[in-house]
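K.L.:
Since chain A is already given, all that's left is putting chains B, C and D on it; use the hints.
Number of protein chains: 4
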Amino acid sequence: MATKPDNTGAFRKYVVEFLGTFFLVITICMMEAGSMGQFAPIATGGMLLALMYSGFHISGGHFNPAVSLATYLRGKLNSGDLLPYIVSQFIGGTLAAMLAGFLLNSTGAAAPSPKVLDIVPSLIAELLGTILFVYVFLNLTTIKKTAGNIYYGVALGFTFMAVMFAFSDISGGAFNPAIGLGITMANITSWETIWVFPLANFVGGVLAAFLSQFVNGPEA
Amino acid sequence: MATKPDNTGAFRKYVVEFLGTFFLVITICMMEAGSMGQFAPIATGGMLLALMYSGFHISGGHFNPAVSLATYLRGKLNSGDLLPYIVSQFIGGTLAAMLAGFLLNSTGAAAPSPKVLDIVPSLIAELLGTILFVYVFLNLTTIKKTAGNIYYGVALGFTFMAVMFAFSDISGGAFNPAIGLGITMANITSWETIWVFPLANFVGGVLAAFLSQFVNGPEA
Amino acid sequence: MATKPDNTGAFRKYVVEFLGTFFLVITICMMEAGSMGQFAPIATGGMLLALMYSGFHISGGHFNPAVSLATYLRGKLNSGDLLPYIVSQFIGGTLAAMLAGFLLNSTGAAAPSPKVLDIVPSLIAELLGTILFVYVFLNLTTIKKTAGNIYYGVALGFTFMAVMFAFSDISGGAFNPAIGLGITMANITSWETIWVFPLANFVGGVLAAFLSQFVNGPEA
Amino acid sequence: MATKPDNTGAFRKYVVEFLGTFFLVITICMMEAGSMGQFAPIATGGMLLALMYSGFHISGGHFNPAVSLATYLRGKLNSGDLLPYIVSQFIGGTLAAMLAGFLLNSTGAAAPSPKVLDIVPSLIAELLGTILFVYVFLNLTTIKKTAGNIYYGVALGFTFMAVMFAFSDISGGAFNPAIGLGITMANITSWETIWVFPLANFVGGVLAAFLSQFVNGPEA
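Residue numbers (the numbering used here), protein chains in the order written: chain A, 3 to 222; chain B, 3 to 222; chain C, 3 to 222; chain D, 3 to 222.
With the rest of the complex left out, here is chain A (with noise of 0.2 Å):
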């Protein structure tokens, strides 16, 4: 007699990648509205460090809409679990702004005023960012030279930090579309220009996944 297929395979996939947007959207809330803003990068870079190698052998450890799209794009997300993936990275980004705002609102802590992006040098910087961050994503855990390498999560987190670094004096430094909803929940960025992270977003995610392919050639 068969064993008991286990059913919950997929969901707990939705679950580590719910968890992680979480974590992630609260650390940069929690970081860019507090005491220690300077270190936001650091924070952020260190915590996405931590979940790429506590969830990726779970999930993938995507914990961003932009890294789903572009990884089914590469082949290696299952149609059936892109939209999954994706609506979990943004619940747990929205309840954690949520959340994170319940705290700050604690401390008494004046709110930040919301930055309005400017939109051209914005759509360049996240775009840029969302590049790199995808197309290093997607040559250490999609190519075959480099399968089974274990410095994926050490190379991802300082990426992330680099670019955010960089950048988010620019855009605010989203290169997610569910940190850049996160943010402007937690009255980081405006809402005026909420939509130049979904765009810069995506569109740089799928730049990335045929850079990515290029540069590793045809039979990586």
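Misleading hints may appear alongside valid ones.
Pairs involving identical chains hold if they fit within one copy or between any two copies, as the list cannot separate such chains.
Unchecked claim - Okay, derived cross-link-like pairs now, DSS-like style, lysine-lysine, Cα gap no bigger than 30 Å in a straight line:
1) LYS78 x LYS146
2) LYS15 x LYS147
3) LYS117 x LYS146
Hints were generated in silico from the structure; no laboratory data involved.
Bear in mind the structure is a predicted one, so any value in this text is a computation, not a measurement.
P.N.:
Just chains B, C and D now, with coordinates in the frame of chain A:
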């Protein structure tokens, strides 16, 4: 003729747990009250990384009563070791806080005035931070799919750094009842609200044990 | 029938070198002129770490004309690749400095007034930093005893961070002629003293090649 | 006919120890007196990480007389190498401090006024920091259970960073007699109390050798 058995094996593990918690707590106390307070999460995360790599092969590298409880619940710590581990950790943390007090006093720096925690936000912050830290710990040290990995130390050092950055404005940032006692003894947080730490940290550890078991599935 | 040969192999390597130098230089330019300037070495070192891990399997991960020259001298880069590598790196750095100028201009921040380098100290600082960086690079990527190691990216990221922290007060902190050109274009250092970078960096790379060969012995 | 034997083997090790201590001490001197002093522990820890990974396969990566003494006591350094290692380290540190003095002088920055150490707290701080650092070093480089590990460089870089963060307010933060001499020559700490470093560091190294042997058990 049989060689003389090594009866010091268990004791050696307790010494490693004592030493680790001592150095973790003295680092956090010296940093929070010193001239580079904003770097406290980096220093403490770095110290934890070092302690994990130097002690994991002997004691499992807990240095945290909530981790020992959760590891026991996951069946990876003998019941006979649970209490000695926790006692060793609290002794280490207590001695560290006393010695930090002596060293800081010698610098003539004004003693910090202890922070009285805001109960609900602090419980949430300590709970979230402990859940994440113990979840990462269990995912990397008790699961078949990650067995033998060598990135556990990097991942846990950066996890601690990240939760301390995100939540220490709210709760002081312990995520570990031995650290909670230590920072209270060092006048960083108030004796009035010290119960927040053991409550949130032990409950967080138990929840993390269930969460890690769930997301890793029935065969993990 | 033979499969069509892949003639894009060499070009793909040049693209990786172009991209890497582009992201290295844009990070350093954005940081030096932005609101988190003190973190420039951490951001740049983290970026280099990420670029090494994502590009090493394709191009060898140079992103620095002095590294390409030294690697060629050690017999690990084909002579036909040396010039295209260096050209790709300078194009990447130049475009990055131009784009950084556009992005920084959009923030309305005052342009930094370019630092005129003090010649002798700057030559020493650039020479020392380049020797160390290239020495570490060669010891970890061209020596039998360390062949196949996976820590090269971490080691080189932290090497660059450390020399930039130690010496950027003196020389601006390039250790790479493409970065030297980039920070000059971005008004961080002065055009008057730009010759310091190629002179000190290429001489440093050559000295590092001899030093690495010497300390690793005749059979390395 | 036999190939000519390589008589430069020992000398090459001394060169690596000289170079490593030189770069360690110049980093710490430039940082403590420069514009980014709060980052001195990060820069120095990162430099040590890089030096460990680039030099371990040649000399064992000591760069610290207290480490060489402890490694000798644990039977992992030939007695004939002990003195040359220590001499090479002190020469490297001395030259580094002199060169740092020249470079710093050129910036026109006011020389720091040397800190006169408070004896008892400084002895305790240097003793604790050295014990931990050497204990981690020995646990990761001389023990069977951790033989062949590749995380030694990350662990030791972060250990040094953490103890320097925790204790440099008290003692200046050497944990290494060659650094102690270097920071004294660079006017960071006073000549009056220079004896604190060799006393605390060598005693700390000896205690760490016993501690590491004890916790790793009789068969380690």
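K.L.:
State for each hint whether it applies.
P.N.:
For each hint, the structure was consulted:
no.	hint	verdict
1	LYS78 x LYS146	both (12 Å within a copy, 23 Å between copies)
2	LYS15 x LYS147	both (26 Å within a copy, 15 Å between copies)
3	LYS117 x LYS146	neither (42 Å within a copy, 46 Å between copies)
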